[in-house]
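Mind assembling these two chains? They're in different frames, but the hints should get you there.
What follows is each chain in one-letter form.
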Amino acid sequence: MLEIRNLHVAIEDGSKKILNGLDLTIHNGEVAAIMGPNGSGKSTLSYVIAGKPDYEILDGEILLDGENLLEMEPDARAAAGVFLAFQYPLEIPGVATMTFLKAAMNAQSRARGEGELKTPDFMRRVKLGAEKLGIPQDMLRRGLNVGFSGGEKKRMEILQMALLEPSIAILDETDSGLDIDALKIVSEGVNALRSADRSFLVITHYQRLLNYIVPDTVHVMSNGRIVKTGGKELALELEANGYADYVSNVAA
Amino acid sequence: MASVTPLKTSAELALMAQGAGLPIARQSAFGRFTEAGLPHRRIEAYHYSDLRSLMKDAPQLAQASGSAPSDTVFGDLDAMVVTIVDGHLVGEVNASLAGVTIATQGDAPDDGLAKDSVFPESGDPVIALNAAFVDQTLKIGITKGAALEKPIHLRFVTTAAVSAYTRAIVNVADGAKVTLIETHEGIAGALSNSVVEFSVGDDVQLDHVRINLVDKAATLLTTLGGRMGARSTVTSGNFVTGSALSRHQVFLRFEGEGSTATISGASLLNGRQHVDTTLVVDHAVPECVSREHFAHVLDGEATGVFQGKIIVRPHAQKTDGKMMSRAVLLMDGATMNNKPELEIFADDVQCGHGATVGALDDDLLFYLRARGLPKPEAEALMLQAFVGEALEMIPHEGVRETLEGLTESWLKARG
Ligand SMILES: Nc1ncnc2c1ncn2[C@@H]1O[C@H](COP(=O)(O)OP(=O)(O)O)[C@@H](O)[C@H]1O
Ligand SMILES: [Mg+2]
Numbered sequence: 000m001l002e003i004r005n006l007h008v009a010i011e012d013g014s015k016k017i018l019n020g021l022d023l024t025i026h027n028g029e030v031a032a033i034m035g036p037n038g039s040g041k042s043t044l045s046y047v048i049a050g051k052p053d054y055e056i057l058d059g060e061i062l063l064d065g066e067n068l069l070e071m072e073p074d075a076r077a078a079a080g081v082f083l084a085f086q087y088p089l090e091i092p093g094v095a096t097m098t099f100l101k102a103a104m105n106a107q108s109r110a111r112g113e114g115e116l117k118t119p120d121f122m123r124r125v126k127l128g129a130e131k132l133g134i135p136q137d138m139l140r141r142g143l144n145v146g147f148s149g150g151e152k153k154r155m156e157i158l159q160m161a162l163l164e165p166s167i168a169i170l171d172e173t174d175s176g177l178d179i180d181a182l183k184i185v186s187e188g189v190n191a192l193r194s195a196d197r198s199f200l201v202i203t204h205y206q207r208l209l210n211y212i213v214p215d216t217v218h219v220m221s222n223g224r225i226v227k228t229g230g231k232e233l234a235l236e237l238e239a240n241g242y243a244d245y246v247s248n249v250a251a
Numbered sequence: 000m001a002s003v004t005p006l007k008t009s010a011e012l013a014l015m016a017q018g019a020g021l022p023i024a025r026q027s028a029f030g031r032f033t034e035a036g037l038p039h040r041r042i043e044a045y046h047y048s049d050l051r052s053l054m055k056d057a058p059q060l061a062q063a064s065g066s067a068p069s070d071t072v073f074g075d076l077d078a079m080v081v082t083i084v085d086g087h088l089v090g091e092v093n094a095s096l097a098g099v100t101i102a103t104q105g106d107a108p109d110d111g112l113a114k115d116s117v118f119p120e121s122g123d124p125v126i127a128l129n130a131a132f133v134d135q136t137l138k139i140g141i142t143k144g145a146a147l148e149k150p151i152h153l154r155f156v157t158t159a160a161v162s163a164y165t166r167a168i169v170n171v172a173d174g175a176k177v178t179l180i181e182t183h184e185g186i187a188g189a190l191s192n193s194v195v196e197f198s199v200g201d202d203v204q205l206d207h208v209r210i211n212l213v214d215k216a217a218t219l220l221t222t223l224g225g226r227m228g229a230r231s232t233v234t235s236g237n238f239v240t241g242s243a244l245s246r247h248q249v250f251l252r253f254e255g256e257g258s259t260a261t262i263s264g265a266s267l268l269n270g271r272q273h274v275d276t277t278l279v280v281d282h283a284v285p286e287c288v289s290r291e292h293f294a295h296v297l298d299g300e301a302t303g304v305f306q307g308k309i310i311v312r313p314h315a316q317k318t319d320g321k322m323m324s325r326a327v328l329l330m331d332g333a334t335m336n337n338k339p340e341l342e343i344f345a346d347d348v349q350c351g352h353g354a355t356v357g358a359l360d361d362d363l364l365f366y367l368r369a370r371g372l373p374k375p376e377a378e379a380l381m382l383q384a385f386v387g388e389a390l391e392m393i394p395h396e397g398v399r400e401t402l403e404g405l406t407e408s409w410l411k412a413r414g
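Note that the protein sequences, when read in sequence, are chains L and G.
Each residue of the first sequence is one higher than the last, beginning at 0 in numbering that gives the first Met the number 0.
Each residue of the second sequence is one higher than the last, beginning at 0 in numbering that gives the first Met the number 0.
Be careful, since some hints might not be right.
Derived coverage of chain L by chain G (criterion: at least 3 residues anywhere in the stretch with Cβ under 8 Å from a Cβ of chain G; other residues may be distant) [what the hints assert, rightly or not]: (1) 62–75; (2) 84–98; (3) 106–114.
No more than 20 Å apart at the CA atoms, straight line, and that leaves these computed lysine to aspartate or glutamate pairs for EDC-like [said to hold, decoys possible]: (4) K149(G) <-> D77(G); (5) K51(L) <-> E376(G); (6) K101(L) <-> E403(G); (7) K51(L) <-> D12(L); (8) K51(L) <-> E70(L); (9) K51(L) <-> E378(G); (10) K152(L) <-> D362(G); (11) K51(L) <-> D360(G); (12) K51(L) <-> D361(G); (13) K101(L) <-> E376(G); (14) K374(G) <-> D53(L); (15) K374(G) <-> E115(L); (16) K176(G) <-> D201(G); (17) K51(L) <-> D362(G); (18) K374(G) <-> E72(L); (19) K101(L) <-> E378(G); (20) K411(G) <-> E115(L); (21) K374(G) <-> E70(L); (22) K101(L) <-> E113(L); (23) K374(G) <-> E90(L); (24) K101(L) <-> E407(G); (25) K138(G) <-> D106(G).
Here are some chain G residues the structure puts well away from chain L; computed CB gaps all over 12 Å [stated by the list, open to error]: (26) E43; (27) S69; (28) R290; (29) P313; (30) D319; (31) G404; (32) R413.
It should be emphasised that the hints constitute simulated quantities derived from the structure, not laboratory data.
By construction, the Cβ of each residue, glycine as well, lies at the ideal position given by its N, Cα and C atoms.
One chain only, chain G, in its complex shape (with noise of 0.2 Å):
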């Protein structure tokens, strides 16, 4: 077969046009980007999301930024809330809370191909584009020992269809305690790609949360790489009903034995909507634990897609890792693709992955039926258990209710 170069898609071209415009500091990052292009399915990580055809454009960069408005999802959840709006970071830099410092760095940030990082070595091309065009990279420190009494909130916004990259560098050191909740929001054709990292020392409690509740028609590129010393707990929680293509990356490497990782995940979707979930959980060290539970409810011609990869190292051993991964399709043209895959090179571990799909079970519909319930009514009750699954990780009492009641809103709405 002959090599075929392709020819470059709108979004590609906007791409580059915008990075010919970059600093010394930023071309090798950009570069990075530029040898393949976005990547196809014919690249294994991106098969089932394949960005070449699913990313129509590359809004231009977002300059100056308009203002957030002013309610946040949560409606009075007591955090610490800070706010970017198109890329940038708004207001002064306050750490308004005892044991979190916060600051702003402007130069070019790691792309993954550091020695030592939690990124793929061969490279992201998310990554790289993040790295190319991040203006300014916030870094949170939470001190050691501190219980933050109440969770830090970043705010992500998209005021105008605009390109919008940010990074979060956040450092929790030994013994801290901290709710960390990302929240996505944006207007339709803005395209966001953010970046969070965790460097999580021993004894750690961290409990992260990323809701994506973009326009339908925006595109949000996200990825959480994240690092776990000893004796560790770090719950990472999802929410998704938002964007029209999305994609969420978490690379999490435990570092240090004992520590515990919980990933979950629901994603509420319709329309023709893409989301995918990739990630990959590497077990560097014995003794730790990792749970994975994402849940797609399917509406429309909506696609899901979940990739789960975790790796046990040869001296990783007693490791426990178990990944699950449901799915409903409420309609014929809705779909759903799992790929989940164990890489054990260990031999005393208790690892395992299962993964459903189906439509709700007709037997249990008829029996809430009989009771009374109507169709629709019956339905988003069991969806509701079903979504509960995944909610039900995530500690922070709080959040949870606010996402059961986006929960609701999504069922409701549905009719």
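Same shape as in the complex, but just chain L (with noise of 0.2 Å):
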């Protein structure tokens, strides 16, 4: 389960704040999607959560299954179980993707006392893996993301989050940048993965990706705040009428 409650931050020069007491929950095994406008902090919190280091904390907590993942590193984070799909992936040359995603799945095993996957077996996940996402071999043998295109690069996010089966998932806007096919392909990899005790958290920015990836809770974020929740059909509704609302809420 993830609790965010009261949670404010601020960049980390203190010059401005994103997130006004932030309060959010996800039981074990849901699908939350969060909507907003542009710029109403949704990649922040995404972050804040894995523990990007440009944030100033200045209020409130992050509990997964009750462990305070603010006083964790990012990659002990990663080993007890959070997973962010990048809105933009980043692109790292001379770093193979194979050996970048051996080098992750081993941190992750060692971390959590496991031992290292013998390398024929990480082979065929990564090959399956990637045969379900439409990830051609030779992209596997490239620099991570060097020359992939939008929607490759979102593919392959979905790829390292099915090889590292995290208990909570954070995709930050997977569906920009997808044409439809690969937004079925993307959310069919998603779904592959739903299961009693992995949670989703879904960003978007549009109500068509909830479409195919299909939520149990939506919640409506304005100005650095959860301001509304509801079940699946909220997404319609914002679809239908906007964000004007609520951002004019918040005005008020």
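Right, here's the structure in full:
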């Protein structure tokens, strides 16, 4: 279970406050969606959960199964089960995708006190996962994300998620830059991982993705807070009426 | 401003005392050194590497030699090994490889003032000292058309805190194919001054590698002088983790059309190491290609220096020259000095240079850490890739793998 309570966050130099007392709980097995206008702080929330160092936590707490994430290094959070599919996945020239995947999987196993994967097992898992997501083998030999299209990068994020088997996966606008076919493939990849002990936080600007990844709960974020919570029908309402109501609520 | 005659440093005094015993034939080279003494920061070519202040001492000249450790850095690489210990060739000189001739010569070598030398016309103090003090010149010939079935490995070793001067002259005849590796191993307090000269004919493939693994309290001064004929390909890859102070000079001249030279290097430095690479690539004829790529990883208070000059002579049209220097600073106390220069006298050329100096990218580091890699491991992965860019320019796979392994060990030792 992920519990976020009264989270206040500013950018590191204190010049700008982004999250303003955010509360959010996601239960095991739950798929929660966050929707909100650009600039409302969705990516910031995802970065703060994952442990990006550019932010200052002014108040509040984030607990994963009762453990205080805010006290943990980003790699320890990953080993504890946090996964963030980046809105803009980074290119790492010179680091072959395979090398990276193996390093990541082994680092997490080690941190959890499990043994490292045997190479043939690793190869098999990657090959299978890549096939499901329509990722060609030669992409795995290239530098991580180097020269990949926007859609290929997003698929690579989902492959990483499948291999790392997180307990809470945060997808930050995974739908942006995807055409409808890629959107379906990626959504299938996500749906295949849904399980009773894994939860998802799906961040999106548009309702479209939620036709494919059907959420249990929908939260509206505005100005750094959750301003409304509902079921999947809330997404449809937002699609019809836009965010104007919620934005003005905050301004009032 | 009044002109002051600086006091001699203790290194200069030691060198003067050593030079006093030199035979007549060596006096002119030595004289060229004594005129100006050790170069200092007001000498342009040594601006970033003030040898007068960096060289604390000139240890006594090596006499007889000790014996080299039996293991080489390459483990089981099959090579024709020539071992030079404390400035002297060890054992019989025998060319155990088809297509190779090898001999030694004892008279005074050229100190760079010969009319057609590739060395600086104005002389260079490090080369002048080498010409004055070297005992044996190793002459290696690769016969016409020979494709050597294994590399030649020149293994330079010091076993005592002495000054060791070495010179090797390598003649690669037309159509030959050879990999030539120099490794430098040495102990604390030693000063090594090594000059390697190439004379490369037409249609040659020469892959040269220089590896500096001397003790971190040793000084290594190395110079590579090369001339290339037509349609030849020369690579020179460098790898440095050793020495308190090192300077590597490269003077390369294209003398035949249609040739390509690739000069690369990776230096991994920490503590207070000071490592200088200074190169001059002279496009004296048209239609040649040169690539220079140097990578520095600087930890602690280490200093890296890269000075690279591409000269394109007036009629050297269609020259294609690109030079890149990249440095990663891991600590605030580390320093990188870059001085890239293009001297272009022809109009139809493609030349460029670039230099980057900076810390590792924080966003990339976060991405790796968010996937579970602890900080040191994430940094090591990025640095391995950074160094890999330079290492991949070394064609010999076995050598490249050895250097990748040395890089990995260096990164592991960082913790
Ligand atoms: N590192 C940062 N430095 C400066 N401003 C930032 C930084 N991160 C986010 N912001 C600002 O905070 C606000 C929220 O950004 P973000 O979390 O990316 O919103 P969203 O993902 O909802 O579009 C925006 O106004 C953005 O410009
Ligand atoms: Mg965003």
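Hinted pair K149(G) and D77(G), Cα distance within 20 Å: holds (7 Å)
Given hint E378(G) paired with K51(L) - CA-CA distance at most 20 Å: holds (16 Å)
Status of the stated non-contact between E43(G) and chain L (beta carbon gap over 12 Å): holds (35 Å)
20 Å limit on alpha-carbon distance, applied to hinted pair K152(L) and D362(G): holds (16 Å)
Verdict on chain G covering the region 84–98 of chain L, where coverage means 3 or more residues with a C-beta closer than 8 Å: Holds, because 8 residues of the region 84–98 of chain L bring their Cβ atoms closer than 8 Å to Cβ atoms of chain G.
Hint consistency between K51(L) and D360(G) [alpha-carbon to alpha-carbon, up to 20 Å]: holds (13 Å)
Proposed proximity, E90(L) with K374(G) (alpha carbon, max 20 Å): holds (18 Å)
Proposed proximity, E113(L) with K101(L) (alpha carbon, max 20 Å): holds (14 Å)
Restraint check for K51(L) with E376(G), where alpha carbons must lie at most 20 Å apart: holds (17 Å)
Distance restraint between K101(L) and E378(G), which requires alpha-carbon spacing of 20 Å or less: holds (16 Å)
Coverage of the region 62–75 of chain L by chain G (three or more Cβ within 8 Å): holds (count 3)
Consistency of the no-contact label for R290(G), given chain L and a CB cut of 12 Å: holds (17 Å)
Hint check: no violations occur; every hint is consistent with the structure.
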